[in-house]
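Q: Okay, here's what each chain looks like letter by letter:
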Amino acid sequence: MKIGVYVCECGSNIASTVDVDKIVEEAKDLPNVAVSRVYKYMCSDPGQELIKNDIDEYNLDKIVVAACSPRMHEATFRSVLEDKGLNPYVLEIVNIREHVSWVNSDKDKGTEKSMALLTGAVYRSALMKPLERKKVGVIHTALVIGGGIAGIQAALDIASMGYKTTLVEKTSSIGGKMSQLDKTFPTLDCSQCILSPKMVEVNRHPNIKLLSLSEVVAVDGYVGNFKVKIKRNPRYVIEDKCTLCGDCLPVCPVIAHDEYNQGFSPRKAIYISYPQAIPASFIIDPDDCLGINPLICTKCKEVCGPEAIDFDMQPEIIEKEFGAIVVATGYAPYPIENIGEYGYGTIHDVISGLDYERIVSASGPTEGKILRPSDGKIPETVVFIHCAGSRDPSKHLPYCSKICCMYSTKHALQYKHVVHNGTAINFYIDIRTAGKDYEEFYQRAAEEDKVIYIRGKVSEVLEDGDQILIKGVDTLSGETVELHADMVVLATGITPSEGTKEMASLMNLAVDINGFIREAHPKLKPVDTAIAGIFIAGTATGPKDIPDTVSQASGAASKACGILSQDELEIEATVAIVDDSLCLEVVACVLKRAHIALLRCK
Amino acid sequence: MEEFEPNIIGFLCNWCSYAGADLAGTSRIQYPPNVKIIKVMCSGRINPMYVVNALQQGADGVLIGGCHPGDCHYSRGNYLARRRIAVMKRLLEYIGIEPERVRMTWVSAAEGRKFAEVVEEVTEDIKKIGPMKKIRRENVW
Ligand SMILES: Cc1cc2nc3c(=O)[nH]c(=O)nc-3n(C[C@H](O)[C@H](O)[C@H](O)COP(=O)(O)OP(=O)(O)OC[C@H]3O[C@@H](n4cnc5c(N)ncnc54)[C@H](O)[C@@H]3O)c2cc1C
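Residue numbers (this note's numbering), protein chains in the order written: chain A, 1 to 602; chain B, 1001 to 1141.
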């Protein structure tokens, strides 16, 4: 075996505190070393040429380079080996700059340390075996999990770039929380009006297969080649046959809470969550319906002209392969009943932000009239409490939920636009309006629409006759505040949804301390996860408004297409292998879906 | 008498601690030259036998550096390392080797300063314990 040793001076960066000539001489006596040289800049073209010539002249098998960190130039020197027909992995880098010359000024000690490192490297080099770069084929289809605005955008982008995409949504319709919003800040354009065209596009896009009422139950494989099991729950109404005529509605005898309207209005056991829902088909809720096992009532089936109702539908498991996955499983509002002092769940007219969205919505239970839940009166004073759950590290969420300052301001504006002489009061800790046109929106609310802002935290919300008493402190004046309101809206914080938590644990995705899915790098890889081929978008990674959600979704889509557009993927050659002599075959690794190990394991 | 200069092996993970050591370099933070660094992909890859071998073959101490809890590139490698090393230190103690010769630490890619401080501490600590004489075995490659 013949090893070539190359020591770099790096100008004076290394040479000034390491006696490079000395280590070059000593290296000549190490086993297998055929040639040992020093050069001013080993990474430069002449430096690389020097190594290349030696490979030819001395018939070298392995190369050791003592220079800067491998993070700098390992790739450079690997290509030198590759150019000369050597395996690029029989290269050993000795880091004598970052780890020696830059951190130590004693030349003798630096030289000694460098020599120790170099000696180790030469011995190691003799043991190195060539590694093979493995190529795997790519399945040119994508899976998007979660059909909120993030998932919708990601699916549309991937599909428009020409790849077949399966969109899996847990509930009966795509749209996510955005479908429940009335108007959106900062432009106050109607949420449904900008969302439903996209939902329709998903439905008719030739490259998108939408699976509603479905959940991913198993993910196996690796980048380019994921094997996924999807459980599709029965809708009991055949999607393609249902014409949305609504003949079933009057005959259904069951009354249930309408989740879409936050329980403020009733629905039947057979229903569509909202008129624009996609897939555009009724659904039967098996928990409410009297027709599904045991069969007591068949009224809807009797009147259904197109014969769309099937009480015997069963869950099915769909197995499919995908090249890339986008996780867009969204958020859930913080359970504000946990904040006892705010009275949510006990005081009728204390409602959540999402409740309020339905109440102001023209398609909501009050058809856009702002009426309070308890007695249907128009509230003359409404108090909006920011940070309900957020920024409260001792008891609730430690972080800022980012969107609540803006949506509470929106809510106050919406109220003033409907109830012109009403009073809207916002209690806030800080106003955070970082976003394009956001500060202007807030200024407009405060100055033109006379929304009142009180800086301070509310300590207690109490029922007082048919009014609500709010106690708190104005932290600007330092005085206690007590005032009466007719309705209180809590700006609930944002937490990861159950589905987000489930998917993270199913796919072994790292989560942050608050349960949101962690990016591969918080700044430079915001849509990657630590697992190659799985990307993330939207509020599953943290609180976000719609513009941020949509841009992240497009980012995740383009990253996914970066994989789908390849015919073959080169898999990193330095991967773990299974030592057969030690393997106990307890398959714990298989159960934990250790993708890399499985790749090489028989 | 010449002062005892301990020979210390540092096993650093590729993603956090090795990069932290690089940062100490690019920031030109000076620290004692006693720790010789060996890069491993993950602290979870460190077989306790590596540590024993190092101590047998001339090291007076071993430093192990991994990502902070929750930051492991492979999710849980650093937790595995932490458990293994904890058990191993008890074993060392049992056979009469000072467990303080082995030190585990978390250094992120942003903590060049911390890396240098840890190296200083470890070097001082091992100096106090003195040279490793207990088990010696010749290098066999
Ligand atoms: C009161 C309120 C008002 C707001 N107002 C505004 C506003 O005016 N302007 C603005 O920009 N933003 C506003 N927002 C924020 C906005 O709602 C979010 O930015 C946006 O809805 C995030 O979309 P998403 O797709 O990430 O998540 P989601 O809307 O939560 O969608 C996630 C989807 O994934 C599905 N899912 C979950 N788990 C699974 C699973 N395991 N398998 C399959 N599917 C799953 C869910 O059913 C859901 O359909 C407001 C939020 C609130 C609470």
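Just so you know, the hints here were simulated from the structure itself, not pulled from any lab data.
Keep in mind the model is a prediction, meaning the values are calculated, not measured.
All residues carry an ideal CB built from backbone N, CA and C; glycine is no exception.
A few of these clues could be false.
Looking from chain A toward chain B, a few residues come up when the C-beta cut is under 10 Å (computed) [as the list claims (entries may be wrong)]: (1) Pro70; (2) Asp106; (3) Ile513; (4) Ala573; (5) Thr574.
Q: Would you mind marking each hint as holding or not holding in the structure?
A: These are the hints, each one checked on the structure:
Hint status for A/Pro70: holds, given a least beta-carbon distance of 8 Å to chain B, under 10 Å. The interface hint given for A/Asp106 holds, since its Cβ lies 7 Å from the closest Cβ of chain B, which is under the 10 Å cut-off. Restraint check, A/Ile513 versus chain B: the minimum CB separation of about 7 Å is within 10 Å; hint holds. Contact between A/Ala573 and chain B, as hinted, is not supported at the beta carbon level, the nearest pair being about 13 Å apart and thus beyond 10 Å.
Because the beta carbon of A/Thr574 sits about 7 Å from the nearest beta carbon in chain B, less than 10 Å, this interface hint is met.
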